[in-house]
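Protein chains in written order, with numbering that gives the first Met the number 0: chain H, 0 to 751; chain C, 0 to 348.
The hints are simulated quantities; they were obtained by calculation from the structure and are not laboratory data. No residue lacks a Cβ here, since even glycine has one placed at the ideal position from N, Cα and C. Errors might be hidden in some of the hints.
Chain C regions said to be covered by chain H (calculated; three or more residues, Cβ under 8 Å) [as the list claims (entries may be wrong)]:
#: 1; region: 16-24
#: 2; region: 224-234
#: 3; region: 237-249
#: 4; region: 287-295
The residues making up each chain are set out below.
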Amino acid sequence: MPEIALTQAPAHVRMGSSIGQPLTRREGVLKTTGAARYAADHHPPGMAYAALAVSSIARGRVVALDVAAAKDHPGVIAVMTPANAPKLALDPDAKLHPFMFRLDVLQNDKVRYANQPIAVVVADTLEAATEGAALLAPRYETEPARVGLDGHERFAPQAVGAGRPAEESHGDVEAGLASASRRIETVYETPGQYHNAMEPHAIVAAWDGDTLTIDTPSQGMAFAQDRIAGLFGIEPTAVHIRSPFLGGGFGSKGLISGPQILGIMAARLVGRPVKLVLQRAQMYGPVGHRAPTRQTMRLGADDQGRLTALSHHVHTATSAFDDFVEPAATVSHALYASPAIRTSHEAVRIDTGTPLFMRAPGEAPGSAALESAIDEMAHASGMDPLRFRLANYADVEPISGNPFSSKALRQCYEQGAERFGWSRRPLAPRQMRDEAGMLVGWGMGTATFPAIMFEGHARAVLRRDGTGIVELGAHDMGQGAWTALAQIAADSLGLDLGRIEFRSGTSDLPDAGIAGGSAHTATAGMAIHGAGADVIARLADLATGDSRSPLFGAGNAGVIARGGRLFRRDNEAASESYADILSRAGRDVIEGHGSGRVDPAAQAAYAMHAHGAVFAEVKVDPDFGQVRVTRLVGAFAAGTIVNPHMVRSQYLGGMIWGVSFALHEQAVTDRRSGRVMNANLADYHVPVNADVPSIEAILVEERDIHVNALGIKGVGEIGVTGTAGAIANAVWHATGVRVRSFPITLDRLIEP
Amino acid sequence: MNRFEYIRPVTVSEAVAAGAAPGSTYLAAGTNLLDLMKGGVTRPVQLVDITRLPGLDRIEHLEDGGVRIGALVRNADLAHDPAFARRFPSIAEALLSGASAQLRNAATAGGNLLQRTRCAYFYDTASACNKRHPGAGCDAIGGDNRLHAILGWSEHCIATHPSDFCVPMTALDAVVEIEGPQGRRAIPLEQFHRLPGDNPERETVLDRGELITAIRLPPEAAAFAPHARYLKVRERTSYAFAVVSAAAALRFEGDVIAEARIALGSVALTPWRPRSAEATLAGARPDAAAFRHAADAALADARPSGDNAFKIELARRIVVRALTLAAAGTPARMPALPASPFAGVMTHA
Ligand SMILES: Cc1cc2nc3c(=O)[nH]c(=O)nc-3n(C[C@H](O)[C@H](O)[C@H](O)COP(=O)(O)OP(=O)(O)OC[C@H]3O[C@@H](n4cnc5c(N)ncnc54)[C@H](O)[C@@H]3O)c2cc1C
Ligand code: SF4
Numbered sequence: 000m001p002e003i004a005l006t007q008a009p010a011h012v013r014m015g016s017s018i019g020q021p022l023t024r025r026e027g028v029l030k031t032t033g034a035a036r037y038a039a040d041h042h043p044p045g046m047a048y049a050a051l052a053v054s055s056i057a058r059g060r061v062v063a064l065d066v067a068a069a070k071d072h073p074g075v076i077a078v079m080t081p082a083n084a085p086k087l088a089l090d091p092d093a094k095l096h097p098f099m100f101r102l103d104v105l106q107n108d109k110v111r112y113a114n115q116p117i118a119v120v121v122a123d124t125l126e127a128a129t130e131g132a133a134l135l136a137p138r139y140e141t142e143p144a145r146v147g148l149d150g151h152e153r154f155a156p157q158a159v160g161a162g163r164p165a166e167e168s169h170g171d172v173e174a175g176l177a178s179a180s181r182r183i184e185t186v187y188e189t190p191g192q193y194h195n196a197m198e199p200h201a202i203v204a205a206w207d208g209d210t211l212t213i214d215t216p217s218q219g220m221a222f223a224q225d226r227i228a229g230l231f232g233i234e235p236t237a238v239h240i241r242s243p244f245l246g247g248g249f250g251s252k253g254l255i256s257g258p259q260i261l262g263i264m265a266a267r268l269v270g271r272p273v274k275l276v277l278q279r280a281q282m283y284g285p286v287g288h289r290a291p292t293r294q295t296m297r298l299g300a301d302d303q304g305r306l307t308a309l310s311h312h313v314h315t316a317t318s319a320f321d322d323f324v325e326p327a328a329t330v331s332h333a334l335y336a337s338p339a340i341r342t343s344h345e346a347v348r349i350d351t352g353t354p355l356f357m358r359a360p361g362e363a364p365g366s367a368a369l370e371s372a373i374d375e376m377a378h379a380s381g382m383d384p385l386r387f388r389l390a391n392y393a394d395v396e397p398i399s400g401n402p403f404s405s406k407a408l409r410q411c412y413e414q415g416a417e418r419f420g421w422s423r424r425p426l427a428p429r430q431m432r433d434e435a436g437m438l439v440g441w442g443m444g445t446a447t448f449p450a451i452m453f454e455g456h457a458r459a460v461l462r463r464d465g466t467g468i469v470e471l472g473a474h475d476m477g478q479g480a481w482t483a484l485a486q487i488a489a490d491s492l493g494l495d496l497g498r499i500e501f502r503s504g505t506s507d508l509p510d511a512g513i514a515g516g517s518a519h520t521a522t523a524g525m526a527i528h529g530a531g532a533d534v535i536a537r538l539a540d541l542a543t544g545d546s547r548s549p550l551f552g553a554g555n556a557g558v559i560a561r562g563g564r565l566f567r568r569d570n571e572a573a574s575e576s577y578a579d580i581l582s583r584a585g586r587d588v589i590e591g592h593g594s595g596r597v598d599p600a601a602q603a604a605y606a607m608h609a610h611g612a613v614f615a616e617v618k619v620d621p622d623f624g625q626v627r628v629t630r631l632v633g634a635f636a637a638g639t640i641v642n643p644h645m646v647r648s649q650y651l652g653g654m655i656w657g658v659s660f661a662l663h664e665q666a667v668t669d670r671r672s673g674r675v676m677n678a679n680l681a682d683y684h685v686p687v688n689a690d691v692p693s694i695e696a697i698l699v700e701e702r703d704i705h706v707n708a709l710g711i712k713g714v715g716e717i718g719v720t721g722t723a724g725a726i727a728n729a730v731w732h733a734t735g736v737r738v739r740s741f742p743i744t745l746d747r748l749i750e751p
Numbered sequence: 000m001n002r003f004e005y006i007r008p009v010t011v012s013e014a015v016a017a018g019a020a021p022g023s024t025y026l027a028a029g030t031n032l033l034d035l036m037k038g039g040v041t042r043p044v045q046l047v048d049i050t051r052l053p054g055l056d057r058i059e060h061l062e063d064g065g066v067r068i069g070a071l072v073r074n075a076d077l078a079h080d081p082a083f084a085r086r087f088p089s090i091a092e093a094l095l096s097g098a099s100a101q102l103r104n105a106a107t108a109g110g111n112l113l114q115r116t117r118c119a120y121f122y123d124t125a126s127a128c129n130k131r132h133p134g135a136g137c138d139a140i141g142g143d144n145r146l147h148a149i150l151g152w153s154e155h156c157i158a159t160h161p162s163d164f165c166v167p168m169t170a171l172d173a174v175v176e177i178e179g180p181q182g183r184r185a186i187p188l189e190q191f192h193r194l195p196g197d198n199p200e201r202e203t204v205l206d207r208g209e210l211i212t213a214i215r216l217p218p219e220a221a222a223f224a225p226h227a228r229y230l231k232v233r234e235r236t237s238y239a240f241a242v243v244s245a246a247a248a249l250r251f252e253g254d255v256i257a258e259a260r261i262a263l264g265s266v267a268l269t270p271w272r273p274r275s276a277e278a279t280l281a282g283a284r285p286d287a288a289a290f291r292h293a294a295d296a297a298l299a300d301a302r303p304s305g306d307n308a309f310k311i312e313l314a315r316r317i318v319v320r321a322l323t324l325a326a327a328g329t330p331a332r333m334p335a336l337p338a339s340p341f342a343g344v345m346t347h348a
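Build out the structure end to end from the sequences listed, making use of the hints.
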């Protein structure tokens, strides 16, 4: 194995005084008392309210809007339509790179999906704006909507997800299937899903000349700055974004959306600050979603239950005008050993808003299908599902043949199974009942998510009084960045948490990288770590080069930073406080900078993934098919755990989204109109507390010296994977009925 | 929002006078009405807020053994009234299975009766709906109608009435007390809601301006207390409308059933009382065959209105189970998951 420089943490920084501590959320009091200000809580002087009017058809043209009626409504200031919308410096339909998505910002009268913005009404009050929007009474020229996966021309996309090839393979799948002693071919369907963060997309935009200040929830402020700057023809540095707290994002706030741009345009049009907040129903269109999938799995296994071939084909949908293809099959390359694996994707174009990254994009639906198929193959092989998975345990990443940077999946299986009591599971389905006569089933799934990093930067400052500042434009979507990143910051400077000031959440600070792909703690954390190390290295230079210091001559690698002092590594009796070093040197501050990014050499040499094992117990009413998940145990290994408290929350939340995927979430689209008919939280079901009576997350120890110097993988999305499959498998084990269409609703379980 | 008048009368007669004006609508807790107004589904000219009317928020246990529930009694207050819950346990169970705690704290008894259907095409003003615009057509037909009606529907409307409260109330012969411009009257709840027929826009027998003042349960209703259950099958454990629900109440003489009451919810545009099914049980022993026979009778006229044939068999099974549970006896304490099939299940092994 190659030696990778990155594997060595800088010797003078001691980790562990803050990192690893289960601190409670530092902004918790602000949030529970309502003092935390979210974007829509801002009311700059002179602010006006904007309301969107959205299309009720999925395809066609707006031929008339009653602008006069809206304008006549008391309180209405302006009605923004394609006729008077401020001109943009860049065509919103331009696609200069794959992450530039086409936006609907009143560039013309075309309608390309239901709920597309077609006008914006600005008024003195929200009520007047809302009524003004209703008074527009649009008339349309309607074309038949293209809806659903069937009946449209399929095409092979150029890339899927964030740029993976649509087709990948190793080995000969057909030969592997031919040589198998047992084969299965099954088709799984997953529905369209919407992110549905609690906090709707909201923006308060204020122009001052060509300088723009906005309060808006963002998972990627630097990306947003660039996009806005390009559209309005200003410098990115003239765009000031404040996004200290998000009420959830789930991927839908990773890129600035059309409605947010419309808020900025409206502010320009009326020359006043403008607030625009989406209504819940308006979130079902212009801000992304997960496309439906139909996944065909073909598996072969030999007599020992070892896979001989695995083929995973995905049929999904994207919009008629842009490309995002749910990379649902790629998960099959990372998990189970097989001499031949082939994945492929094809898509259709339908009249929908462009799908986007959402809660474990690709992995979530892909894992639901893969874990179901593995369960079916285990059953066909007459093997316990855990034994079958162990028989196909991948010691190297199947697609690349690379070793894993670390992989404690065996321990996850062991600890999870032990805690759950898996060994008592009967092999055959429909064997267990509870005292009330409910069918009981146990199922499992393997969780996996790639450990990736983006690029991020941070700045650290040590002050003469021995306190520090660490700052970067990081994003807290509720996952706990304010806490976990501050812990890393404290350790990076060798200070107690109380001695540092941690600044984050605005675009004026160094770009911390996008908060997506479960990569934020690793990316921003490494940037912070680097910035702190930079400061400490400079500080150590001052001390070790100064004959008056007890550390004189110790050399950079020979000191340790802890509790506001530098210590000689070989003799901890010799030490000096930061304040003393600085004051002797006559320095007020020392500043350092750091960056976090992936090490290409490490990445080429190792496969990097987090892993987990999820065990589910469900109870199913034998007559009604109503399902309840009564127990969930997940055991996850994801490298260094910066804050066990926050990480456990992420796992629990992820698993609950897995319950949601398995049993609840589903956009119901009218097959004639292409409209989502359950665009509200009463009808678009997600789990409530009673749906998750007992849920546990086990934090399995794992040390990874290759992913990055801190050993951090991601924990945000992995909980969704594995869980949906585990529940589907448990439902089968309870009932003997294999439902291959998600969500598993009771009508599918009722036998006539 | 649309401009409208808002008035808050302090006497019933004032309220009725105002409520009779064209475009006038009563506002109780607003948990349904305000949503409809925000969505532009209804656009009243005048809201008559009835929440300050005196005396309508009382639960009166009457001397004859019946009870009068004021129209403004909150769902939660009614369910948690100890005497009420003891005497009418299936109604308390139904109330507690509805909506969420927050909504139950607000929603009123009268408003629950008059809540509108949850048909998505009714809420969506871009869809054709005969209830919103008589004669416009019904987009639920041929659309997403998995949860629509299986009984009593017409080709003009296939929606359901979603109330839980109304189901055991109908089974137990509740009577709606009304005050209107023409005076007072009382109508059995069973006849209060209307099936769609040719006029799905006419949802109840109320005339313009008529105000529900109370809902009364007769003394006989309490006789079922030892054997009365409500059962609600839904797509998540709590905070969801019923796919199908049923109330069952039995009165025994010795070990035979003297009288049975059955009502179904979310199967039709009214709470559904299958009296012919009840009749099959009079004098019967409480066994599986008798219950299945009753369930078959209850669903004899059912037919799918779309992709919802599963609801027919589901409804039969729910009737059987509700009767079985009622026969087994009302639990001494309200289950932690009221009306749920999982009500009797420990969550943890
Ligand atoms: C998310 C959600 C989930 C829900 N889930 C359930 C459920 O599971 N089960 C269930 O049964 N219900 C459920 N409901 C419905 C809820 O029970 C009703 O909204 C509530 O009972 C209505 O009462 P209200 O006092 O708020 O009525 P309002 O909304 O004020 O009024 C409703 C209608 O009744 C009329 N009205 C009210 N009082 C009178 C009166 N005294 N005389 C004449 N007319 C009157 C009003 O004019 C209006 O048309 C749910 C509602 C929501 C929003
Ligand atoms: S079923 Fe009834 S309520 Fe629903 S759209 Fe048709 S007419 Fe309207």
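Going down the list of hints, with the structure as the test:
As drawn, the region 16-24 of chain C meets chain H at 0 residues by the rule of a beta-carbon pair under 8 Å; below three, the given contact is violated. Beta-carbon proximity to chain H at under 8 Å applies to 3 residues in the region 224-234 of chain C; the threshold of 3 is reached and the given coverage holds. Here's how the region 237-249 of chain C fares: 4 of its residues keep a CB closer than 8 Å to some CB of chain H, so the rule of at least three is met and the hint holds. Here the region 287-295 of chain C counts 0 residues with a CB under 8 Å from a CB of chain H, which misses the bar of 3, and the coverage is violated.
In the structure shown, a violation is registered for the earlier hints numbered 1, 4, in ascending order.
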